[in-house]
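Colleague: Sequence:
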Amino acid sequence: MADDMQQKAVDCAQDAMNRYNIEKDVAAHIKKEFDRMFGPTWHCIVGKNFGSYVTHETKHFIYFYMGQVAILLFKSG
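Residue 35 in the UniProt record's numbering sits at position 35 of the sequence shown; the count goes up by one each step and never skips.
Because the hints were derived from the structure by calculation, they are not lab data.
Every value quoted in this text rests on a predicted model; they were computed, and no experiment measured them.
One or more of the hints may lead you astray.
Distance condition first, Cα-Cα at most 30 Å in a straight line; then the derived BS3-like pairs of lysine-lysine [unchecked claim]:
no.	residue 1	residue 2
1	K8	K59
2	K75	K48
3	K8	K75
4	K24	K48
5	K48	K59
6	K48	K32
7	K59	K31
8	K31	K75
9	K8	K32
10	K24	K75
11	K32	K59
Generate the whole structure from the sequences, applying the supplied hints.
Modeller: If you want it as structure tokens, here you go:
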């Protein structure tokens, strides 16, 4: 993922974490913002314990931690 897009993901995740307490709501906020900013179809998973195996578009994937919560964001479809 490009550096500017990575920064937007972190900023968006921080905003979502400040607004919502439920992981599903955090994920929905991030997904909807990325759909709006960069076009569909983005997918977002937020949680403390999960595995993943996904197919994504080239340079459209990020996985990072915000505190103890992991955030997986990728574009596919």
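Colleague: Hints first: check each against the structure and report whether it holds.
Modeller: Evaluation of the provided hints:
no.: 1; hint: K8 x K59; verdict: holds (14 Å)
no.: 2; hint: K75 x K48; verdict: holds (21 Å)
no.: 3; hint: K8 x K75; verdict: holds (14 Å)
no.: 4; hint: K24 x K48; verdict: holds (12 Å)
no.: 5; hint: K48 x K59; verdict: holds (24 Å)
no.: 6; hint: K48 x K32; verdict: holds (21 Å)
no.: 7; hint: K59 x K31; verdict: holds (16 Å)
no.: 8; hint: K31 x K75; verdict: holds (10 Å)
no.: 9; hint: K8 x K32; verdict: holds (13 Å)
no.: 10; hint: K24 x K75; verdict: holds (18 Å)
no.: 11; hint: K32 x K59; verdict: holds (19 Å)
Violation of the numbered hints given earlier is absent; every hint is satisfied by the structure.
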